[in-house]
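Once you've looked at the hints, dock chain B against the given chain A.
Given next are the chains, with one letter for each unit.
2 protein chains.
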Amino acid sequence: MKLGFIGLGVMGGPMAGHLAKAGHEVTVYNRTRSKADAWVAKYGGHAAATPAEAAAGAQIVFSCVGNDDDLRQVTIGPEGVFHGMSRGSVFVDHTTASAAVAVELESAGRDRGLACLDAPVSGGQSGAEQGILTVMVGGDAAAFEIAQPVIAHYARAVTLMGASGSGQKTKMVNQICVAGVVEGLAEGLAFALHAGLDAKKVLSVISKGAATSWQMENRGDTMVDGKFDFGFAVDLMRKDLRIAMEEARANGAELPATALIDQFYAKLQKQGHGRMDTSSLMKLLSDR
Amino acid sequence: MKLGFIGLGVMGGPMAGHLAKAGHEVTVYNRTRSKADAWVAKYGGHAAATPAEAAAGAQIVFSCVGNDDDLRQVTIGPEGVFHGMSRGSVFVDHTTASAAVAVELESAGRDRGLACLDAPVSGGQSGAEQGILTVMVGGDAAAFEIAQPVIAHYARAVTLMGASGSGQKTKMVNQICVAGVVEGLAEGLAFALHAGLDAKKVLSVISKGAATSWQMENRGDTMVDGKFDFGFAVDLMRKDLRIAMEEARANGAELPATALIDQFYAKLQKQGHGRMDTSSLMKLLSDR
Numbered sequence: 001m002k003l004g005f006i007g008l009g010v011m012g013g014p015m016a017g018h019l020a021k022a023g024h025e026v027t028v029y030n031r032t033r034s035k036a037d038a039w040v041a042k043y044g045g046h047a048a049a050t051p052a053e054a055a056a057g058a059q060i061v062f063s064c065v066g067n068d069d070d071l072r073q074v075t076i077g078p079e080g081v082f083h084g085m086s087r088g089s090v091f092v093d094h095t096t097a098s099a100a101v102a103v104e105l106e107s108a109g110r111d112r113g114l115a116c117l118d119a120p121v122s123g124g125q126s127g128a129e130q131g132i133l134t135v136m137v138g139g140d141a142a143a144f145e146i147a148q149p150v151i152a153h154y155a156r157a158v159t160l161m162g163a164s165g166s167g168q169k170t171k172m173v174n175q176i177c178v179a180g181v182v183e184g185l186a187e188g189l190a191f192a193l194h195a196g197l198d199a200k201k202v203l204s205v206i207s208k209g210a211a212t213s214w215q216m217e218n219r220g221d222t223m224v225d226g227k228f229d230f231g232f233a234v235d236l237m238r239k240d241l242r243i244a245m246e247e248a249r250a251n252g253a254e255l256p257a258t259a260l261i262d263q264f265y266a267k268l269q270k271q272g273h274g275r276m277d278t279s280s281l282m283k284l285l286s287d288r
Numbered sequence: 001m002k003l004g005f006i007g008l009g010v011m012g013g014p015m016a017g018h019l020a021k022a023g024h025e026v027t028v029y030n031r032t033r034s035k036a037d038a039w040v041a042k043y044g045g046h047a048a049a050t051p052a053e054a055a056a057g058a059q060i061v062f063s064c065v066g067n068d069d070d071l072r073q074v075t076i077g078p079e080g081v082f083h084g085m086s087r088g089s090v091f092v093d094h095t096t097a098s099a100a101v102a103v104e105l106e107s108a109g110r111d112r113g114l115a116c117l118d119a120p121v122s123g124g125q126s127g128a129e130q131g132i133l134t135v136m137v138g139g140d141a142a143a144f145e146i147a148q149p150v151i152a153h154y155a156r157a158v159t160l161m162g163a164s165g166s167g168q169k170t171k172m173v174n175q176i177c178v179a180g181v182v183e184g185l186a187e188g189l190a191f192a193l194h195a196g197l198d199a200k201k202v203l204s205v206i207s208k209g210a211a212t213s214w215q216m217e218n219r220g221d222t223m224v225d226g227k228f229d230f231g232f233a234v235d236l237m238r239k240d241l242r243i244a245m246e247e248a249r250a251n252g253a254e255l256p257a258t259a260l261i262d263q264f265y266a267k268l269q270k271q272g273h274g275r276m277d278t279s280s281l282m283k284l285l286s287d288r
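Heads up: the sequence lines are chains A and B, in that order. First residue of the first sequence: 1, per our numbering; consecutive thereafter. First residue of the second sequence: 1, per our numbering; consecutive thereafter.
Hints in this document: simulated from the structure, not taken from any laboratory. One thing to keep in mind: the hints can contain errors.
[As the list claims (entries may be wrong)] According to the in silico footprint, chain B covers these stretches of chain A (three or more CB under 8 Å from chain B):
no., region
1, 123-136
2, 163-177
3, 180-189
4, 213-226
5, 242-255
Please read these numbers as outputs of a predicted model, since none were measured by experiment. Heads up, the beta-carbon is just placed ideally off N, CA and C, and yes, glycines get one too.
Chain A with its partners taken away, still in its complex shape:
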């Protein structure tokens, strides 16, 4: 299948790579051209000079960029993919962005005969590299049927959650849950250290029961060791929590603990730790 892919960062690069390895004809675009050239050298396919050029003739065009503004630029912007896509083709956006921009693009796409799916992912860089992401999709069911088997090249679960924006909203729920888990874990482990306990021994005991979580099992020991130079960055988490809190403002949901934890992430950014893993909340509560 002829495909376009916009944005070859730590997520988009390997995702597009899985499409090429599966035999699809992929044309890529990246803001920094050298990254696109490096990608082509590794996977084959073509590098385009603009998003519109990458989209020309493609049945599905994917994007994985930074934020709402980046996303508008590569779609409805002057050289955006919407100017290159053919009627009846499908646009799949993997950026974690607002539900509002998803609805805005879906509407703009419909006017041009394009179907748009918001499809944020979870699973991180290693999930992208291994091709085992979880993809939460919002949009039209017919477009989903077309895109789903292609997305499956880099995902182990691809689920249609509802109308346009529903993928983004599902991702927000995920991040809200993560924030609570990580802060509880950070407070618990910092308390353990202050109490003079062997924190790793505590983890080995309580991880068998009702307190356990993916975060406890995968980040507990590294938090005790004070290792935060890996994983999902504080800067990205802050972006995601901002989107979630904006959505909550619009839909009337209350996020009292999430709002507090967002402030803690703000403090980490201010201290220069924006690129550390989200588990670095631990740093604010302990000498780790």
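Below, chain B alone, put in the same frame as chain A:
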């Protein structure tokens, strides 16, 4: 082995039952005498008129009562077990109580030639009934060696965490982690409902990844259904968080989110929901 057991509530009753079923000679005491008689009718053994009488001649005496004051009463109080226990015997307390009272009793016991272990449990009523509790122990290693194989009749894990009070402090870490997880989950699910998502479908997707937890897997669906009439009660959680926050005050740990969540539990109590499951934080954020 000749054993004493003080406190036959929903936890202590089945725990003492496992000891009797294993062939030990168990003498029980309960503040409400009829419960002790019912226990004897079910499991055999003897009912005593006072804690001291239940402790007479026992090699190990167990307790599982309500709080610090109850614990003092049944140990160092006028008819407490310390007045009945023989030198060289071991006292094992399964109450979730303060680390301070554990240290206090350990010291008082030492003066009388008694070893004391603080040994709070996790796993809840069903864990007690099935005999698969997790037991976190603080105190003397030699006393632990004596008690461990007996405790194992109702536990799947019995771990010595350190000196007197360490069992209680480990339990506090557990409850701090649970509080964060549950509030994050409640905010996430309430957000999902406000956003018009199918919250159970959201759970089925995000429970595969970094947001997942025991609470999400075991309480997520019941929270969406608004079912809170089971499980670990808000009143008990508030008691445990009070102990944790007092300990943090003493050891210098900060618990900002835990303190906030404790206030939410206070609100639930005020609304008359003190006997609901801890997952009822959901009620404060949604119409469930």
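Each hint tested on the structure:
1. Requiring three or more residues with a Cβ within less than 8 Å of a Cβ of chain B, the coverage given for the region 123-136 of chain A holds, as 4 such residues are present.
2. Taking a C-beta to C-beta cut-off of 8 Å, the region 163-177 of chain A contributes 9 residues in contact with chain B, enough for the three needed, and the coverage statement holds.
3. With 9 residues having a beta carbon nearer than 8 Å to a beta carbon of chain B, the region 180-189 of chain A meets the requirement of three or more and the stated coverage holds.
4. Check on the region 213-226 of chain A: 5 of its residues sit with their Cβ under 8 Å from a Cβ of chain B, so the three-residue criterion for coverage holds.
5. Closer than 8 Å: that is the beta-carbon criterion, and the region 242-255 of chain A has 8 residues meeting it against chain B, so the requirement of 3 holds.
The structure shown violates none of the earlier numbered hints.
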